[in-house]
Amino acid sequence: MGRIVKIIYACCILHNFCIDMGDELSSEDININKEINEEINLETELEAINEVQEKAGAQKRDYLANILINLE
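Quick note, the sequence shown lines up with residues 477 to 548 if you use this note's numbering.
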């Protein structure tokens, strides 16, 4: 069995133990998850901005390179 399959299987077993023991998520756990999701969304937005800036930078670089090549 692959490592990922074993990890997923172990998570399912632990999840079943939690259900059997009556362990439930608290509102504190949910709030922490919201904060993590907000951080992930911010990181995703920053990655998108960086990608746009990289493309714009590449276009400017290519433009300047073409100008320099045509000077010769």
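Do not take every clue at face value.
Across the chosen pairs, the derived CB separations fall in these ranges [what the hints assert, rightly or not]:
| id | residue 1 | residue 2 | range |
| --- | --- | --- | --- |
| 1 | G478 | G533 | 32 to 42 Å |
| 2 | Y485 | I512 | 19 to 29 Å |
| 3 | T520 | I495 | 26 to 36 Å |
| 4 | G533 | V481 | 26 to 36 Å |
Calculated lysine to aspartate or glutamate pairs in the DMTMM-like style (CA-CA distance at most 20 Å, straight line) [claimed, not checked]:
| id | residue 1 | residue 2 |
| --- | --- | --- |
| 5 | K531 | E515 |
| 6 | K510 | E527 |
| 7 | K510 | D496 |
| 8 | K531 | E519 |
For the record, the hints were derived by calculation from the structure and aren't laboratory data.
Glycine residues also receive a C-beta, built at the ideal position from the N, C-alpha and C atoms.
Each hint, compared with the structure:
1. Between G478 and G533 the C-beta distance comes to about 40 Å, which sits within the given range of 32 to 42 Å.
2. For the pair Y485 and I512, the supplied restraint of 19 to 29 Å holds, since their beta-carbon distance comes to about 25 Å.
3. A hinted range of 26 to 36 Å holds for the C-beta pair T520 and I495, which are about 32 Å apart.
4. Checked against the given bound of 26 to 36 Å, the beta carbons of G533 and V481, roughly 42 Å apart, lie outside it.
5. For the hint linking K531 to E515, the alpha-carbon distance of about 24 Å lies beyond 20 Å, and the restraint is violated.
6. Our distance criterion of 20 Å between C-alpha atoms is broken by K510 and E527, whose separation comes to about 26 Å.
7. A threshold of 20 Å between alpha carbons decides the hint, and for K510 with D496 the separation of about 26 Å lies outside it, so the pair is violated.
8. Distance check on the hinted pair: K531 and E519 sit about 18 Å apart at the alpha-carbon level, within 20 Å; holds.
In the structure shown, a violation is registered for the earlier hints numbered 4, 5, 6, 7, in ascending order.
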